[in-house]
Amino acid sequence: MNNLLDDNLIAQVADLHGIPQGAYNIRKNGVGIGRRSTANIEIKQKLDKPGIDIIVKPGTRGESVHIPVIITAEGLEDMVYNTFYIGENSDVLIVAGCGIHNDGNKKSQHDGIHDFIVGKGARVRYVEKHYGEGEGTGERILNPQTLLELQEGARVELEMVQIRGVDSTKRYTKAQVGKNAYLKITEKILTHDQQSAESEMDMELKGEDASIQIISRSIARGKSKQIFYPRLSGLTKCRGHVQCDAIIMDNAMVRAIPEITAYHADAQLIHEAAIGKIAGEQIVKLMTLGLSEKEAEETILKGFLK
Amino acid sequence: MLLELKNIWYSPEETTESVAILKDVSCTLEDDRFYVITGPNGGGKSTLAKIIMGIYKPTSGKIILNGDDITNLSISERAKLGIGYAFQQPPRFKGITVGELLSLARSKKCVGSGCNYLFDVGLCPKDYANREVNSSLSGGELKRIEIATLLSRNCKITVFDEPEAGIDMWSFSKLTDIFEKIHKGRDVTTVVISHQERILKLADEIILMQEGVIKEKGEKIVLLGKIMKGKNNFKKDCLGRVEKNE
Ligand SMILES: Nc1ncnc2c1ncn2[C@@H]1O[C@H](COP(=O)(O)OP(=O)(O)OP(=O)(O)O)[C@@H](O)[C@H]1O
Ligand SMILES: [Mg+2]
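Chains as they are written, first to last, in my numbering: chain A, 1 to 306; chain B, 307 to 552.
In case anyone wonders, no lab produced these hints; they're calculated from the structure. Glycine included, C-beta positions come from ideal geometry on N, C-alpha and C. Each hint should be verified, as a subset may be incorrect.
In silico DSSO-like links for lysine-lysine, alpha-carbon gap of 30 Å or less [claimed, not checked]: (1) A:Lys302 - B:Lys386; (2) B:Lys432 - A:Lys302; (3) A:Lys294 - A:Lys223; (4) B:Lys329 - B:Lys363.
Computed far set for chain B versus chain A, every beta-carbon distance over 12 Å [said to hold, decoys possible]: (5) Lys329; (6) Gly367; (7) Ser479; (8) Lys487; (9) Lys490.
Here chain A stands alone, though its shape is the one from the complex (with noise of 0.2 Å):
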C-alpha cells in the first residue's frame, strides 16, 4: 500500500494492516487501485458507470471481500455504484467504509450506491465504517444509499459505523424483505462540533414471516444535529421492530421520527425512540468506583456506542 497515511485510513474503515484475505477492491482518489477477485467471488469493473460488480457464486462459504474506498484530494466529488449479487445458500462477510482526509479547504465528497440482491437462503454480515480526519477547512462528506433485496430465507446484519471527523452525512436505506427473511440493521453515530447527519430508511416486509429489527444508537455533541427518520411497512404476515436511541449532550440536536404502517392484521410492529442525556447516576456510580467525572463520563458514551 502507498504511504502511512493511506495505511492509517484503510485501517480506520476496513479494520485491516496490509493486503486484505480473499476478494479485495481499494478506491482512492475516484480510481481503483488494487482488486482481487477469487475462484468464487468475482469482481468486475462496471462499463457504464463507475463502480463495480462484485459476484459471489451460489454456496460460497466463510469468504470475505473488502471494499474501502479513501479520499485524500481536497475538491473531489467521488461517485460510485456497487452492486453486490449474493448467489444462493452462500455465506459472506463484506467489509465496506470510507475514510476521507482532506487537509485542504475545498470539499471531500464520496457517494457510494450499493445495491444488493441477496439470492435465496444466503447470508451477509455488511460492515460499514465512516471516519475523516485532516487540517483544513474543507468540508469531509458522505452520502451512502444503501438498497436490498433479500429473497426467501436470506438473512442480512449491516452495520453502519460513523464515529469521527465526517461534517455532513445523508444516509439512505431502503430494503425488500422476502419471505422468511431476516434483515437487522445496527447504526451508530456520534456526531461533533458543527456536524449533521441525516439517516433515512424505507424498509417493506413484503413476504410472510419476514422480519426486521433497527437499531439506532447515536451520541450528538457539540452543536451538531442529527435526524433519524426509519419507515417501516409490513405488507403480510411480519415483524418489525425499530429502536432509536440517542444521548444529547452540549448544544446538539437529535430529532426521530420512526414510523410504522401496517397492510396486513398480522403485521407486528414496534417502534421506540428515546432521546436523553447521560443519567446522572450512571456517572456518580463510576466515580464511586474512583474514575473522574470525564473519565466516567467517556466509559459510558464508549459503552453506549459499542
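Chain B with the ligands: place on chain A using the hints.
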C-alpha cells in the same frame, strides 16, 4: 480507618431549608468493626451513606477520615482513599458488561481476578462476565453484581445499602457468609444498612436511625433485644388509627 461524622446537617438544595433530612448527626466508625444501620423507611440511612461517599455535600458539619478533613473531597477522591458504597438501587449501563464493570472497580491494590467475586455472590462468571449491565438483568442479579463490584474494590470502608433487598433465600445465606468473611478476614470497616434481623445479628454495633437522627448506637448485645421489642410497639398512623406493627 477512623471515620468521624461531626454535626452533619443535610437539606436537599432543591427544597426549602426547613426540611432537614439529617439533623445534627454525629458518630464515629472505627477500624475493624461491623456496623449495621437500621430504622424505619425514610429515616435517612441512604442519605447518610451518600454523605459519607460524597454524593451529597452536607449543608453543615464535617467528615474526618483518619484525622483529615474530607468534607470537600469529591466522590472520586473519596473512592481513591478507600471509601466504597454499594447502591440501594444500582444504575444500569447499556453496552458495559459485568466483566468490564468489575475491572473498572478493581483498584490497583486489589489482587486476584475480579470475576471471582461473582462466585462469592452466587453468580457463575462464565454466564455473567460478558452480559451487559442493562435492563436484561433481573433486579436480584443486578444487586448481586453491585455487591461483587464492591467486594472487588477491597475498600477500607464500605457501606452496603440494603444488600439483601431482592436477594432470594438461597443466596441470602451466601450473603451473610460474605459479611462474616469480610469481617473476620480483614482490617476494614463494614457498614451495612439493613432491615433483616439475621444481618443485625452479625453486627458488632447497631445504629438506629429515625427521622434524620441517630436514636441509638451501641453494642449489638445491648441493642438488638431492645430494637426487636421496640418494633412491636403500638403506633398511630397518619389518620390517627392505632395499628400493631409487624
Ligand atoms: N432529594 C430529595 N429531596 C427531598 N426529599 C428527599 C430527597 N432525598 C431523600 N429525601 C427524603 O429524605 C428522607 C430520607 O431518605 P433516605 O433515602 O435516606 O431514607 P432511608 O432511611 O434510606 O429509607 P429506606 O429504608 O426506605 O431506604 C425520605 O423521607 C426521603 O423522601
Ligand atoms: Mg435507603
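Quick rundown of the hints versus the structure:
1. A:Lys302 - B:Lys386: Status holds; Cα separation ~23 Å.
2. B:Lys432 - A:Lys302: 24 Å, holds
3. A:Lys294 - A:Lys223: Distance of about 19 Å is within 30 Å: holds.
4. B:Lys329 - B:Lys363: Holds: lysine 329 of chain B and lysine 363 of chain B sit about 14 Å apart, inside 30 Å.
5. Lys329: 24 Å, holds
6. Gly367: At about 21 Å from chain A, glycine 367 of chain B clears the 12 Å cut-off, so the statement holds.
7. Ser479: 27 Å, holds
8. Lys487: Holds: least Cβ distance 22 Å, greater than 12 Å.
9. Lys490: 25 Å, holds
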